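Trainee: Kindly produce the complete structure, drawing on both the sequences and the hints.
There are 2 protein chains.
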Amino acid sequence: MYNKLSNAELKKELEIVRAEYAELKNKNLKLDMSRGKPSSEQLDICLGLLDEINSKTEWCGVDYRNYGINDGIKEVKQLFCELLEITPEELIVSGNASLILMYDTLQRAMQFGVLGEKPWNKVENVKWLCPVPGYDRHFAITQLFGIEMINIPMDENGPDMNLIEKLVKDECVKGIWCVPKYSNPGGIIYSEEVVRRFARLKPAAKDFRVFWDNAYMVHGLYGQEEMLDVFNEAKKYGNEDYFYIFGSTSKVTFAGAGIAFMYGSAKNMNALRKLIGIQTIGPDKIAQLAHAKFLKTKEGVLNIMEKHADILRPKFEKVLDILESSLKPAGIATWTKPTGGYFISVNVAKGTAKETVRLAKELGVIFTGAGATFPYGLDPNDENIRIAPSLPPLKELMDATSVFCTCAKLAYLEKKVGN
Amino acid sequence: MYNKLSNAELKKELEIVRAEYAELKNKNLKLDMSRGKPSSEQLDICLGLLDEINSKTEWCGVDYRNYGINDGIKEVKQLFCELLEITPEELIVSGNASLILMYDTLQRAMQFGVLGEKPWNKVENVKWLCPVPGYDRHFAITQLFGIEMINIPMDENGPDMNLIEKLVKDECVKGIWCVPKYSNPGGIIYSEEVVRRFARLKPAAKDFRVFWDNAYMVHGLYGQEEMLDVFNEAKKYGNEDYFYIFGSTSKVTFAGAGIAFMYGSAKNMNALRKLIGIQTIGPDKIAQLAHAKFLKTKEGVLNIMEKHADILRPKFEKVLDILESSLKPAGIATWTKPTGGYFISVNVAKGTAKETVRLAKELGVIFTGAGATFPYGLDPNDENIRIAPSLPPLKELMDATSVFCTCAKLAYLEKKVGN
Numbered sequence: 000m001y002n003k004l005s006n007a008e009l010k011k012e013l014e015i016v017r018a019e020y021a022e023l024k025n026k027n028l029k030l031d032m033s034r035g036k037p038s039s040e041q042l043d044i045c046l047g048l049l050d051e052i053n054s055k056t057e058w059c060g061v062d063y064r065n066y067g068i069n070d071g072i073k074e075v076k077q078l079f080c081e082l083l084e085i086t087p088e089e090l091i092v093s094g095n096a097s098l099i100l101m102y103d104t105l106q107r108a109m110q111f112g113v114l115g116e117k118p119w120n121k122v123e124n125v126k127w128l129c130p131v132p133g134y135d136r137h138f139a140i141t142q143l144f145g146i147e148m149i150n151i152p153m154d155e156n157g158p159d160m161n162l163i164e165k166l167v168k169d170e171c172v173k174g175i176w177c178v179p180k181y182s183n184p185g186g187i188i189y190s191e192e193v194v195r196r197f198a199r200l201k202p203a204a205k206d207f208r209v210f211w212d213n214a215y216m217v218h219g220l221y222g223q224e225e226m227l228d229v230f231n232e233a234k235k236y237g238n239e240d241y242f243y244i245f246g247s248t249s250k251v252t253f254a255g256a257g258i259a260f261m262y263g264s265a266k267n268m269n270a271l272r273k274l275i276g277i278q279t280i281g282p283d284k285i286a287q288l289a290h291a292k293f294l295k296t297k298e299g300v301l302n303i304m305e306k307h308a309d310i311l312r313p314k315f316e317k318v319l320d321i322l323e324s325s326l327k328p329a330g331i332a333t334w335t336k337p338t339g340g341y342f343i344s345v346n347v348a349k350g351t352a353k354e355t356v357r358l359a360k361e362l363g364v365i366f367t368g369a370g371a372t373f374p375y376g377l378d379p380n381d382e383n384i385r386i387a388p389s390l391p392p393l394k395e396l397m398d399a400t401s402v403f404c405t406c407a408k409l410a411y412l413e414k415k416v417g418n
Numbered sequence: 000m001y002n003k004l005s006n007a008e009l010k011k012e013l014e015i016v017r018a019e020y021a022e023l024k025n026k027n028l029k030l031d032m033s034r035g036k037p038s039s040e041q042l043d044i045c046l047g048l049l050d051e052i053n054s055k056t057e058w059c060g061v062d063y064r065n066y067g068i069n070d071g072i073k074e075v076k077q078l079f080c081e082l083l084e085i086t087p088e089e090l091i092v093s094g095n096a097s098l099i100l101m102y103d104t105l106q107r108a109m110q111f112g113v114l115g116e117k118p119w120n121k122v123e124n125v126k127w128l129c130p131v132p133g134y135d136r137h138f139a140i141t142q143l144f145g146i147e148m149i150n151i152p153m154d155e156n157g158p159d160m161n162l163i164e165k166l167v168k169d170e171c172v173k174g175i176w177c178v179p180k181y182s183n184p185g186g187i188i189y190s191e192e193v194v195r196r197f198a199r200l201k202p203a204a205k206d207f208r209v210f211w212d213n214a215y216m217v218h219g220l221y222g223q224e225e226m227l228d229v230f231n232e233a234k235k236y237g238n239e240d241y242f243y244i245f246g247s248t249s250k251v252t253f254a255g256a257g258i259a260f261m262y263g264s265a266k267n268m269n270a271l272r273k274l275i276g277i278q279t280i281g282p283d284k285i286a287q288l289a290h291a292k293f294l295k296t297k298e299g300v301l302n303i304m305e306k307h308a309d310i311l312r313p314k315f316e317k318v319l320d321i322l323e324s325s326l327k328p329a330g331i332a333t334w335t336k337p338t339g340g341y342f343i344s345v346n347v348a349k350g351t352a353k354e355t356v357r358l359a360k361e362l363g364v365i366f367t368g369a370g371a372t373f374p375y376g377l378d379p380n381d382e383n384i385r386i387a388p389s390l391p392p393l394k395e396l397m398d399a400t401s402v403f404c405t406c407a408k409l410a411y412l413e414k415k416v417g418n
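Order-wise, the sequence lines are chains L and V. Counting from 1, position 311 in the first sequence corresponds to residue 310 in numbering that gives the first Met the number 0; the numbering is continuous, with no gaps. Counting from 1, position 290 in the second sequence corresponds to residue 289 in numbering that gives the first Met the number 0; the numbering is continuous, with no gaps.
It is possible that some hints are incorrect.
No distinction is drawn between identical chains; accordingly, a pair holds when it is met within one copy or between any pair of copies.
Quick list of in silico lysine to any residue cross-link-like pairs, SDA-like style, CA-CA up to 25 angstroms [stated by the list, open to error]:
id : residue 1 : residue 2
1  : Lys327    : Ser401
2  : Lys295    : Glu8
3  : Lys360    : Ile68
4  : Lys55     : Lys327
5  : Lys121    : Leu271
6  : Lys394    : Val61
7  : Lys266    : Ile365
Please keep in mind that the hints were generated in silico from the structure rather than gathered at the bench. Bear in mind the structure is a predicted one, so any value in this text is a computation, not a measurement.
Mentor: Next up, the structure:
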């Protein structure tokens, strides 16, 4: 434990870590750990999807090669309705990216308002709740629209509900970003209590919307953990209109060529359908049909997710092992131990995250920028770093994690006793 | 010629046409002529596209199954750059629908402004020029955003440039919809003179933008007619920033699963790339690669377009034949004789378009709603109807066109001498 060492001992340790760092420099690494991309090995799981549609496919009934059907073909809707336990009217199936659905849904609220309420563009000071650490691409969207983002601390049960319940009493608070299962980056599953409090939320703004990004709903590493269904729960209180729920098969089939969807109350979805009908003459229905044929049922999806888990599990475990053996003894960092999702969230010593990432970059290893997990890129403690173990092969992942640990220690020691 | 007949003769003619109408009623038709959809026979032309990518495809280099590459993969950019004679920097390749590109580009101008100018949402009274008759989906977009639309008459050379040059002196006029080649619905090709005047336009608003929807750029029925390239022409005058140009393969490969693109000055495209990068992590690159492999070159595209023309040409000719033999003698209607595109624009007698469409509907034949070709659905003369010959088989098309002619005559005669 570094905090039990004397100054002289810390200086000695600094020399050791500097030597480690120099040695790593000689490895001439070139690794990118910055984004939560699946590996090629994972992408190979669903190669069969590419054989589902070919020139011999028969196009009887509605010709899916043609224009039309703005909210998804019946085959893919049937699959997702089974998976999500919702009705077709509550569901809109779209193109390849749920991020577009979130962006567009927010843009529509800004421009046209939600269910007849004043467009958010015309509201003086729109505010948004951002559980932190969170997903940088979410924050980039709300920032682009000039929405004031308010940090909401997270613990192992999810975001601080006392704070949220208090803040939603402000009519200018129009929404919140949530990644409720295997959160990005903490890998946290919102507890039943947290989900229940979301479902019963009483916001002052009628047009308050929870942007519930269920990106990792079936992405457990150790089997599928149950989680309370916020949409069904909200219905019990007549609160279903407060939820826009998003998901995709990006981390089931192909990251760049999956199928995205959103769901919510029929009232919400019908209002969006009208606007979507002006924007487009329909999504790529051939891709939708290929997915429906390949995935078939909920069971089909879960079988695929087991294969992903088999590839991801050793990677997560290896990163956690190295953190445990290298950083735990130093006592300068804490981290989450996710049972699913795509990330591990590490808190290094306060004031050393940026320096840790910079030092790693010097060694040729790119981590997600420090601060990226906070609105405006501002981590008030400069301590959080997101590790994305999915993309690199195991050997590279081990190198990168060793680099990470060395850099975290070096940043701490240089700050404490350097010069 | 009806206008040479006496009242008594017209009444006699009315009896004849009423009898024709009654006879058609007995046919119990059920035909939809409302939308410009390609036929299944046309969609079969590119079935091979569905075989280009399969589980044996090798993903070396950049793995297109994964996230990333927001403006198009290099293979598809190379193809479109050859076709459009532009550079990759001037091009953004996207998903399956150019309509989304137009909608999103307009929405971005509303929300964020164009190249640093004031967001159009903050401009008191945004106005838009709409050559008429035009494309109903264009007008639906500008209407949704509350933009004031101003009709611009068209003749066989394109829109009235004197009027346009005058109106763009108003700083509130921010844009214009154009379908420059085989216009929707007239099938008109803008003349060299018109294109040149567009290229030299001097709008008062720096953020004026021509939305140049080149939907039918290679869609000639009798070979590919040359047309002056507005983008290159505009560059001569340093006017290239005024143009957003759109296109897609929707009517080359699959209407619902083609590849859409937009292009313009690098300055314009780079500004859009920044915003697109917040909205998405990339389009479906597998679909892009399939298109690049299947279409290969400009020549590949043109070969496919010949096959489309072979299917469409007899349909257009048959409709024109029937109009000629049935309506010409009555002298109550005029129509365009397109050499490409997807539509024929008919002007029936003033004040009878709505009634013609209603009468046809009674017989089970759906035409595009009268008025749809004008902003707000308001055809000031109630005379224009769009005929879309592409979808029905020839036999049905003949029935539908006969119905059309009978209904146009009946509407005229009932109005003139009915009761």
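Trainee: Going through the earlier hints one by one, which of them does the structure break, listed in rising order?
Mentor: The structure breaks hints 2, 4, 7; every other hint is satisfied.
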